[in-house]
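For the record, the sequence lines run as chains A and B.
With the first letter of the first sequence counted as 1, position 67 gets the number 67 in this note's numbering; the numbers rise by one all the way through.
Numbering-wise, this note's numbering comes out as the position in the second sequence, counting from 1, plus 1000.
To be clear, the hints were calculated from the coordinates, so they are not data collected in a lab.
Please note: incorrect hints may appear among the correct ones.
Stated by the list, open to error - Once the Cα atoms are required to be at most 16 Å apart in a straight line, the calculated EDC-like pairs of lysine to aspartate or glutamate come out as:
| # | chain 1 | residue 1 | chain 2 | residue 2 |
| --- | --- | --- | --- | --- |
| 1 | A | LYS9 | A | GLU20 |
| 2 | A | LYS92 | B | GLU1111 |
| 3 | B | LYS1341 | A | ASP64 |
| 4 | B | LYS1383 | A | GLU50 |
| 5 | A | LYS13 | B | GLU1111 |
| 6 | B | LYS1279 | B | GLU1471 |
| 7 | B | LYS1232 | A | ASP4 |
| 8 | B | LYS1254 | B | GLU1290 |
| 9 | B | LYS1247 | B | GLU1025 |
| 10 | A | LYS26 | B | GLU1111 |
| 11 | A | LYS26 | B | GLU1350 |
| 12 | A | LYS75 | A | ASP64 |
| 13 | A | LYS23 | B | GLU1035 |
| 14 | A | LYS75 | B | GLU1349 |
| 15 | B | LYS1382 | A | GLU70 |
| 16 | B | LYS1410 | B | ASP1337 |
| 17 | B | LYS1455 | B | ASP1386 |
| 18 | B | LYS1257 | B | GLU1345 |
| 19 | B | LYS1325 | A | GLU82 |
| 20 | B | LYS1067 | B | GLU1101 |
| 21 | B | LYS1232 | B | ASP1337 |
| 22 | A | LYS75 | B | GLU1025 |
| 23 | B | LYS1053 | B | GLU1011 |
| 24 | B | LYS1017 | B | ASP1083 |
| 25 | A | LYS23 | B | GLU1345 |
| 26 | B | LYS1325 | A | ASP85 |
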Amino acid sequence: MTIDLKTVKHISKLARISLEEKKAEKLATDMNSIFEFIEKLNELNTDNVEPLTSIAETTLRFRDDKIKSENIREKILKNSPEKNDDFFVVPKVVE
Amino acid sequence: MSEITSLTLFELIKNIKEKKISSNEAAKSFVDRAERSKKLNTYVTENFENCLKHSKEFDNRPNFDLKLPGIPIAVKDLFCTTDVRTTAGSNILNNFIPTYESTVTQNIWNEGGILLGKLNCDEFAMGSSNETSFFGNVQNPIAENIVPGGSSGGSSAALAANLTPITIGTDTGGSIRQPASFTGTVGLKPTYGSCSRYGIVAFASSLDQAGPMSKDVKDCSILLEVISSFDKKDSTSIDFKRNNYSKDLTNNIKGLKIGIPKEYRIDGMPDEIEKLWQKGIEYAKECGAEIIDISLPHTSYALPTYYIVAPAEASSNLARYDGVKYGFRSSGENLIDMYEKTRSEGFGEEVKRRIMIGTYVLSSGYYDAYYLKAQKVRQLIKKDFDEAYNKVDAILTPSTPSSAFKIGEKSSDPVSMYLNDIFTVPVNLAGLPGISIPAGTDKNNYPLGLQIIGKPFDEQTVLNIAYSMEEKINYKNNISDWWIK
């Protein structure tokens, strides 16, 4: 299987990473060599194997259903690249 | 003063408790040595002034009942530290100052540790040589222009160079054990669920574990005791009875059964690694252990499995870096354009490569063929270990297939870089504890490590075997201070 340039560009759209043409070509080469290496898994028959999703075989714990009000607005906004009063600012999305 | 920095953690604690050395004297020694060791590029962010101040405060009101009384400690820059910049080695977090503390570092401060600063690492812990860091290469103190391993390369280098008495790293596929092996130090990856992941910058959540890195096994047990804890803030933290690892440490391993997996004898493995392994087997026998040949038949599938599971989880975890709430932001014509440029400029090449692989294997039409397949093979790999542990108490392997290599030697070929983790990755996939201890040197006199893998939650046996073998191996680091100004 080979990953072509068109696929690489499609994936970069999905991943929200802009890619220059030259970098896309290099990435296609790298990804192909990595996937060549990954294809080894197809040697194995895994039809009756349960997938292992987590090593920690625990069911998720529930927390107490209590309202916890901490005033952490400033903490949350502290690292924002751009803010306006109590809001994060992003480029305009509605005309 | 230089003698303080070469003490083990155990010796330093003893001296502080006996009031032969003050916390402030210790802090001054480490800060002074760090100031003259800039060439190694171990620090991303220094916390020296605060460290000196806090050490004085400790000396004014000392508490010698603590496990790390006034001990200065530098940590990998993947742990969030309140009010101290945390970058994960990435441009995208270059200006990030956390407003909360990771549980593991909080445990250290609660026991009297004092933050010296944040140590360099591969970007988002993705790398085996510390070359993917936005903040540049780290020099291995064993020789100039040699990598310190990765991703916890700043941690291993700082430890081997006596810039910190002990440190912590994180290990997703070998990121504690491989750099420990490359620098002649000790590194332990605990059982998945032992140390809280809360406040650690996430890479691959089902594999990530924090762990101690130290100059010897005893120190390793002291720090594990401090950082291992059940934590409600981490949904995969496991509530089990933890040992007093340092108190329970013993070199008596008579009658323990140690397995030697034949599949770890890989094609093209250098002679010196094979010899080291044989020497390790002899040492284990001398310590009174019984050696048993075992088979872990799916070993060769571990790396391909890892390179599906880890990037898949990484691509999801790293989706949060969008330039909106924190971190680096680039300007764009619209929201989507801003996202795409921020992520393109903020992430380095290796991180982007892994996000792309992860996005691809999770994308519509490929999920079953790759991600689901990998999860099934992961089950087979775990079952190999389950079966082996019916026969043995622990497993002995080399830590890495080679010694430390030159900076730039492997950075152009991702697959050859990935092969570094061939002996460490299966341990993460199965969630087991594993330690690397220095066991010898190669023809260049560079350190080589042996790995001991244990049963789940059986860190004590792993430490005991390491402790016992360490005595027999009697490894001495021969590091000249070539970088000191």
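Status of the hints after comparison with the structure:
1. LYS9(A) - GLU20(A): Holds, at about 9 Å.
2. LYS92(A) - GLU1111(B): At roughly 49 Å apart (the allowed maximum being 16 Å), GLU1111(B) and LYS92(A) break the hint.
3. LYS1341(B) - ASP64(A): violated, 41 Å
4. LYS1383(B) - GLU50(A): holds, 11 Å
5. LYS13(A) - GLU1111(B): Measuring from Cα to Cα gives roughly 47 Å; hence the hint is violated.
6. LYS1279(B) - GLU1471(B): OK: LYS1279(B) and GLU1471(B) at ~14 Å, within 16 Å.
7. LYS1232(B) - ASP4(A): Violated, at about 45 Å.
8. LYS1254(B) - GLU1290(B): holds, 8 Å
9. LYS1247(B) - GLU1025(B): violated, 28 Å
10. LYS26(A) - GLU1111(B): Since the Cα atoms of LYS26(A) and GLU1111(B) sit roughly 49 Å apart, the hinted pair is violated (cutoff 16 Å).
11. LYS26(A) - GLU1350(B): Cα-Cα ~12 Å, so holds.
12. LYS75(A) - ASP64(A): Violated. LYS75(A) to ASP64(A) sits at ~24 Å, over the 16 Å cutoff.
13. LYS23(A) - GLU1035(B): Answer violated: LYS23(A) to GLU1035(B) is near 39 Å, above 16 Å.
14. LYS75(A) - GLU1349(B): Violated, at roughly 31 Å.
15. LYS1382(B) - GLU70(A): Violated: LYS1382(B) and GLU70(A) sit about 42 Å apart, past 16 Å.
16. LYS1410(B) - ASP1337(B): violated, 34 Å
17. LYS1455(B) - ASP1386(B): OK: LYS1455(B) and ASP1386(B) at ~8 Å, within 16 Å.
18. LYS1257(B) - GLU1345(B): With Cα atoms ~52 Å apart, LYS1257(B) and GLU1345(B) exceed 16 Å; violated.
19. LYS1325(B) - GLU82(A): holds, 8 Å
20. LYS1067(B) - GLU1101(B): violated, 20 Å
21. LYS1232(B) - ASP1337(B): violated, 38 Å
22. LYS75(A) - GLU1025(B): Distance ~35 Å between LYS75(A) and GLU1025(B) Cα, so the pair is violated.
23. LYS1053(B) - GLU1011(B): violated, 23 Å
24. LYS1017(B) - ASP1083(B): The hint is violated at about 30 Å.
25. LYS23(A) - GLU1345(B): holds, 13 Å
26. LYS1325(B) - ASP85(A): Since the Cα atoms of LYS1325(B) and ASP85(A) sit roughly 14 Å apart, the hinted pair holds (cutoff 16 Å).
Hint check: violations occur at hints 2, 3, 5, 7, 9, 10, 12, 13, 14, 15, 16, 18, 20, 21, 22, 23 and 24; the rest are consistent with the structure.
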